[in-house]
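> Residue numbers (my numbering), protein chains in the order written: chain H, 1 to 208; chain B, 209 to 378.
Be aware that a few hints might be false.
[Said to hold, decoys possible] Derived lysine-lysine pairs resembling DSS-like cross-links, with alpha carbons at most 25 Å apart:
(1) Lys270/B <-> Lys318/B
(2) Lys270/B <-> Lys154/H
(3) Lys7/H <-> Lys32/H
(4) Lys270/B <-> Lys189/H
(5) Lys202/H <-> Lys189/H
(6) Lys44/H <-> Lys32/H
[Said to hold, decoys possible] Quick list of the computed label-pair ranges, beta carbon to beta carbon:
(7) Gln177/H <-> Glu365/B: 40 to 50 Å
(8) Ala205/H <-> Lys332/B: 42 to 52 Å
(9) Arg57/H <-> Asn310/B: 24 to 34 Å
(10) Gly162/H <-> Ala337/B: 24 to 34 Å
(11) Gly157/H <-> Ser333/B: 42 to 52 Å
(12) Gly47/H <-> Lys349/B: 49 to 59 Å
(13) Lys332/B <-> Asp130/H: 45 to 55 Å
(14) Gly322/B <-> Met27/H: 57 to 67 Å
(15) Ala361/B <-> Tyr163/H: 43 to 53 Å
(16) Gly157/H <-> Gly322/B: 39 to 49 Å
[Unchecked claim] Some chain H residues close to chain B (C-beta under 7 Å, calculated; not the full set):
(17) Ala4
(18) Val50
(19) Ala87
(20) Ser156
Everything labelled a hint here was simulated from the structure, so no lab data went into it.
From the three backbone atoms N, C-alpha and C, an ideal C-beta is built for every residue, glycine too.
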Amino acid sequence: MNKALLKRTVLIAAVLLVLAFIAVVVMQVQGKRQTLERLPVNTKMGGNFVLPSTLGRPLELASLKGKVVLLNFGFTSCPDVCPLVLARLRQVLRELGPDAANTRVVFVSFDPARDTVPVLAAYVRHFHPDMIGATGTDAEIAAVAAQYGVVYLKESGDSAAGYNFAHSDYIYLLDGQGRVRKLYANDAKTTEMAADVQLLLKADAIPF
Amino acid sequence: MKMNLAGLLVAGVLVVAAGAHAATVTDRKAESARSLAPLISNAWISEAPPVAKNNAAFVTVKNGTRKDALLGVETPAAGAAELHQMSMAGGLMRMQRLPLINLAPNAELKFGPGGRHIMLINMKSPLKAGDKVPLTLIFRKAGKITVEAEVRALNIETDPAAEHAGHDHH
């Protein structure tokens, strides 16, 4: 092969490579935009918070940067629904497989009188060793609840269990930058949640 | 002669009638005894975190032909047991204690997660999946009926439509 032909071949190969690179970038940016459409950023609620947690140190939401977070609020004396939500989120982690390593489930209790950090730790770890429990003073929790639009009302009925709570019960999907991207009902399909988590992880992996 | 025949006829009819009546009453009594007791099935308790003070039990009650009411529950596994109803209204999950649940004849009463549950309060000891626990339901008419409840792990089944999840839709 003479020098001219070689030069031309290399040039064509280089051009093709650049075109291929551009195509890949365009496809990835498309994908990222589609994820943004599917899971728009909720600008009305959310934000960073710091609460005493089962990590052995306070949990600052921003420290989970890069991880997708599934956030839920409840109380451990709840006999039926709260354990069911955590069991559901455990199933999501199972369905995520290796992606579970970049996902965190955070359970915030609005019942600090009964849900001390040790109680919370034992409670969430029953479901999954990486689940994080958080609580705080009534004022601290009220502030975080307000950020996320969580309603919780202490009710004293005529039960031997003492007081319980009427409360909103959503699962909040937060992206790797801690922004709220979706709210799920407490009986949302695990496959939908897992698929959304994977969309966010994929979008986060794209640098542009 | 005529009088005797007539008398015999009347007597005969009366005897037959009495016999038939007696038979019906006995039959009805036997049938009542069979259909009085409510049938209890699918009694289970969720496997809660050992640290949890409270837990939930679920059951299906098929009432007999007699109007009745479920007044309460007892179990050695917990300090107290109460009937509770979950409901979602105005975006709020609520739990309400029910002092009793009326049972119409032949009615079926289903307890399930997110709906009605028997709240077990102050668990005596942690329960593990597979454990069997006696659960006594107290009815107004039928009295106490004890069944064995099975402890089941809270496993959420994967949605069968899962095969199509996770694929990109362009």
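> For each hint, tell me whether it holds in the structure or not.
Each hint tested on the structure:
Distance restraint check for Lys270/B and Lys318/B: the Cα-Cα separation of roughly 9 Å lies within the 25 Å cut-off, and the hinted pair is therefore satisfied. A C-alpha spacing of about 35 Å is found between Lys270/B and Lys154/H, which places the hinted pair above 25 Å, so the restraint is violated. For the hint linking Lys7/H to Lys32/H, the alpha-carbon distance of about 37 Å lies beyond 25 Å, and the restraint is violated. About 31 Å separates the Cα atoms of Lys270/B and Lys189/H, which puts this hinted pair outside 25 Å; it is violated.
Restraint check for Lys202/H and Lys189/H: the C-alpha separation of about 20 Å stays at or below 25 Å, so the hint holds. For the hint pairing Lys44/H with Lys32/H, the CA-to-CA distance comes to about 22 Å; that is within 25 Å, so the pair holds. A beta carbon spacing of about 33 Å between Gln177/H and Glu365/B contradicts the range 40 to 50 Å that was offered as a hint. Taken as a hint, the range 42 to 52 Å holds for the pair Ala205/H and Lys332/B, whose Cβ atoms sit roughly 50 Å apart.
The given range of 24 to 34 Å is broken by Arg57/H and Asn310/B, whose C-beta atoms sit roughly 53 Å from each other. Taking 24 to 34 Å as the suggested C-beta distance range, the pair Gly162/H and Ala337/B conforms, at roughly 28 Å. The hinted range of 42 to 52 Å is not satisfied by Gly157/H and Ser333/B, whose Cβ atoms lie roughly 26 Å apart. For the pair Gly47/H and Lys349/B, the beta carbons lie near 57 Å from each other, so the given range of 49 to 59 Å is met.
Between Lys332/B and Asp130/H the beta carbons are some 30 Å apart, a value that contradicts the proposed interval 45 to 55 Å. Roughly 42 Å separates the CB atoms of Gly322/B and Met27/H, a value that falls outside the hinted 57 to 67 Å. The supplied range of 43 to 53 Å is broken by Ala361/B and Tyr163/H, whose beta-carbon atoms lie about 29 Å from each other. Between Gly157/H and Gly322/B the beta carbons are some 19 Å apart, a value that contradicts the proposed interval 39 to 49 Å.
Among the interface hints, the one on Ala4/H is violated; its C-beta lies about 42 Å from the nearest C-beta in chain B, farther than the 7 Å criterion. Violation of the interface hint for Val50/H is found here, the shortest Cβ-Cβ separation to chain B being roughly 25 Å, above the 7 Å cut-off. The interface hint given for Ala87/H is met, as the beta carbon of that residue sits about 4 Å from the closest beta carbon of chain B, less than 7 Å. At about 11 Å, the closest approach between the beta carbon of Ser156/H and any beta carbon in chain B exceeds 7 Å, and the interface hint on this residue is violated.
Violated hints, listed in ascending order, are 2, 3, 4, 7, 9, 11, 13, 14, 15, 16, 17, 18 and 20; each of the other numbered hints is respected by the structure.
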